[in-house]
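Visitor: From first to last, the protein sequence lines are chains A and B.
Residues in the first sequence are numbered from 1 upward in steps of one, following full-length UniProt numbering.
Residues in the second sequence are numbered from 1 upward in steps of one, following full-length UniProt numbering.
Honestly, the hints are just simulated from the structure, not real lab data.
Small disclaimer: the values here were computed from a predicted structure and weren't measured.
Glycine included, each C-beta is placed from N, C-alpha and C at the ideal position.
Wrong hints could be hidden among the right ones.
[Said to hold, decoys possible] Calculated lysine to aspartate or glutamate pairs in the DMTMM-like style (CA-CA distance at most 20 Å, straight line):
#, chain 1, residue 1, chain 2, residue 2
1, A, 224, B, 222
2, B, 226, A, 295
3, A, 182, A, 213
[Unchecked claim] Interface residues of chain B toward chain A, partial, derived using beta-carbon atoms under 7 Å:
#, residue
4, 4
5, 5
6, 264
7, 306
8, 309
9, 334
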Amino acid sequence: MSTTSKPSQDELCQLFRGFIAAQNVISDAETLKPYECDGLSMYCEMPLIVVLPETVAQVQEVLRICHRYAVPVVARGAGTGLCAGAMPNAEGVVLSLAKFKNVIEINPQTRTARLQPGVRNLAISEAAAEYGLYYGPDPSSQIACTIGGNVAENSGGVHCLKYGLTVHNVLSVEMLTVEGEKVTLGSEGLDSCGLDLLALINGSEGLLGVITEIQVKLLPIPEKARVVMAGFDNVQQAGDSVGGIIASGIIPAGLEMMDSYAISAAEDFAKAGYPKEAKALLLCEVDGTAEEVQEHIEQVEKLFHSFGATSVRTSQTEAERALLWKGRKSAFPAVGRISPDYYCMDGTIPRGQLAHVLTEMQRLSEHYQLRVANVFHAGDGNLHPLILFDANIPGEFAKTEEFGGKILELCVAVGGCITGEHGVGIEKIRQMSVQFTELELLQFNAIKDAFDPVGTLNPGKGVPTLRRCQEYRSIEPKNKDMENSNNTNSNKHKEGVAHG
Amino acid sequence: MADLSADIQQQVLAARDAKQTLNIIGGGSKSFMGREAVGDRLDVSGHRGIVNYQPVELVLTARAGTPLTEIEAALAENNQMLAFEPPRFSGEATLGGTLACNQSGPGRPWTGSVRDHVLGVRLINGLGEHLKFGGQVMKNVAGYDVSRLQAGAMGSLGVITEISLKVLPKPAASRTLAWDMGAQEAITFMNQLASRPKPLSAACWLQGRLYVRLSGALSAVEATLKEWKGTELTQDQANQFWQQLGQQELPFFDTDLPLWRFSINSAASIPALDEYSLIDWGGAQRWFRGEQDKLHMESLAAAAGGQVSLYSGGDRRSEVMHTTPAVLQAIQKRIKTSFDPDGIFNPGRLYHWM
Ligand SMILES: Cc1cc2nc3c(=O)[nH]c(=O)nc-3n(C[C@H](O)[C@@H](O)[C@H](O)COP(=O)(O)OP(=O)(O)OC[C@H]3O[C@@H](n4cnc5c(N)ncnc54)[C@H](O)[C@@H]3O)c2cc1C
Ligand SMILES: Cc1cc2nc3c(=O)[nH]c(=O)nc-3n(C[C@H](O)[C@H](O)[C@H](O)COP(=O)(O)OP(=O)(O)OC[C@H]3O[C@@H](n4cnc5c(N)ncnc54)[C@H](O)[C@@H]3O)c2cc1C
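Kindly produce the complete structure, drawing on both the sequences and the hints.
Guide: Encoded structure:
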């Protein structure tokens, strides 16, 4: 812990350049600029220094120095995060893992891969393909986002309903503690003894340690995959047919829904042949052996018809399947074309509440005079309302954020949560106290203390810090005395930039 | 069907005031696991009942004292199941104890563990605070994953009062093939089968015979049966085998000898033990009976990429879990303290230092 006074920016750079190549220690404003935000560019902050170490030993040394002087450290993968989780700290160091791009090993026999943290999500499946294997979780950002960032956010994708989230697909991680000590959580086996720290690290947003190596499970590439697309006149019917599929005993590989705004934006963008007149569109992918897919596709088509689908189309070729998905996977940028800016929310709800939530959202949309397009991981209840706005209109982003906050409160009110896969970061830190009581937040803080007592790992993110110390936790629970040192008010909002 | 959480909370607060420790008991079925338990009994088995079950949402919420049999009966009515196939120990095992011990059955590599299926918990910590983490939805990344942290913690972090789980449809069909072969050959073969895109759902080798279960759509299962050949077990034989394996009721488990559980790389070989082991989870879990030096067993496990624990029998006053490196010990102790600052719950059950 820091006893001496903090070194200046120059002094810190000097220290880092002692063991990291000079060009990988950045401190000039122009080169720092691209690091000022992640994918949520409305939130930004210039860091003191960015370092791009090339070996784990260098990362260790960076952490030791930062620990010695209590300098904040913000780990960074590809910076595609959507909650300002990788947004820099003004007094801190951005620790970029971008140089750690190696697939260390693909083991076809055990169906596992060992990876450096900067390996891109898609690169894992590309490397595994020659063995007939792939990596399950597939965030839409998979071309760019890194496996280190995926673990830190516990990322999901359209195939999560069947193949699980990141946490279900990671066997072990090598992690550096805030002091720079190397530890391994998990093993090559499926379960480990003692407290499951690996479960804590998944989704910990860089607050508990810096991940330097990851071992993931790989899956055999299914023999066959086909997707059924169905259009509906109303959202209720589409929602009910999702329930109908699940009740029939089929777990689709992917089950996605879009509302009319999203359908027409995606269709204009991808020309996938989506029915533009539909009020809701479902994409249901079924995978498995050839026989199984045939059997399930027939059931799904029948179900869609029985729930009143106005159009049903099933992919006949791989190219057609890819095309049908293209519209969905590019829904964010597509929506970006029909509006100067959009703001992506990420609540999860019990699926049965969908119609109610969409109606309520429509009411809010009218109240705030802001349009909203909906993209929905329907199978697991994860909703992505995209609020359309124009950052050049003064006050419009503030209004958008308020609208977004109301949507998240709505999700919690119907028994859901404020974030299904994008994380809390800074963006949703205020809504944490909607989902959790103060005592629960204190428990989170206590867990953070167990890893990082001084609080230099990604400070101000993930969990609101409460002023009171842990020892005084048992005092009156009503005291709503929160200190959000990184409250959004204190951040400059960069105007006029669309993300995603 | 009673909600006793207020009661349990009072007992925790009383224990804290009196500086007493508590031994949390669900059904008591797994008292053989972990180290010897000390402390006053805190019986949570009365706190039971399914609180919410929405088959269409694939989510079930129940109080921790609910017997697994009750939960599985409710699921079966809707053709659903606990995909992690937990041992029921003759119907005594509770949902809380199952999560606390992270007990999963033969399907674990394919359908996941209890840790994989838990979505949320309510828990009373050592300060008597009743807290809620996670939720009743499939995806939730708000805050640290305290729910999964309970898996394998053996009650050392608090009294779990309520658990929400993801449940799954029962597979439409299930068939079992067997082959006669040695352990080394079986390990290789199991891993080969697992790398094919076929509806494999369990693979276990015992005493010269490899058993492989296929589950899923009938057409897929039948086509794979033909392709893989092997000897098909009758439905009764198959049910009995997987049932007895999952419930740890095979004669193999009926022993007074120390029982070791290895959780390791699925393809590793441990030549000294494999032929005498029960090899489950497609090679990733191995059971071995016998008086052995624990450190020796740990070195074998480490060489095989994993860990070993003394599951039952043997000296239960010494450590039974794989040795934890010092840095991780320190972090685990601090986590324990963050939940239970006075060390009330199950002291020493997991490790002597916790
Ligand atoms: C060696 C042995 C073998 C047995 N085998 C059988 C058998 O084959 N058939 C049979 O009928 N009976 C068997 N039993 C007896 C049987 O004990 C039952 O009484 C009981 O089955 C249920 O236990 P449980 O799963 O609820 O977990 P428990 O055994 O009660 O608890 C396991 C662990 O979980 C923790 N825990 C439990 N509930 C909670 C909670 N709510 N919150 C936090 N932590 C919790 C406990 O503190 C403990 O650490 C066996 C007993 C022993 C000793
Ligand atoms: C168009 C678009 C689509 C998206 N679609 C999805 C989607 O479908 N599903 C989904 O889940 N997400 C999605 N995202 C969000 C984002 O891509 C994921 O959160 C991703 O995992 C972030 O990875 P990254 O490498 O960019 O991490 P970054 O943004 O760099 O960092 C994310 C967080 O992880 C921490 N971190 C990064 N690396 C490490 C490390 N090595 N050790 C410790 N902490 C670390 C950072 O401090 C930060 O808190 C999408 C984003 C965009 C822009």
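Visitor: Give a verdict on every hint.
Guide: Going through the hints against the structure:
A distance of roughly 17 Å separates the Cα atoms of residue 224(A) and residue 222(B); the hinted pair therefore holds under the 20 Å criterion. Restraint check for residue 226(B) and residue 295(A): the C-alpha separation of about 18 Å stays at or below 20 Å, so the hint holds. Between the alpha carbons of residue 182(A) and residue 213(A) the distance comes to roughly 11 Å, so the proposed pair stays at or under 20 Å and holds. For residue 4(B), the interface hint is violated, the least distance from its beta-carbon to any beta-carbon of chain A being 20 Å, above 7 Å.
With a cut of 7 Å, the hint placing residue 5(B) at the interface with chain A is violated, because the nearest CB-to-CB distance is about 15 Å. The beta carbon of residue 264(B) comes within 5 Å of a beta carbon in chain A, closer than 7 Å, and the hint placing it at the interface holds. The closest approach between the C-beta of residue 306(B) and any C-beta of chain A is roughly 3 Å, which is under the 7 Å cut-off, so the hint is satisfied. At about 5 Å, the closest approach between the beta carbon of residue 309(B) and any beta carbon in chain A falls short of 7 Å, and the interface hint on this residue holds.
For the restraint placing residue 334(B) at the interface with chain A, the shortest Cβ-Cβ distance is roughly 4 Å, inside the 7 Å limit, so the hint holds.
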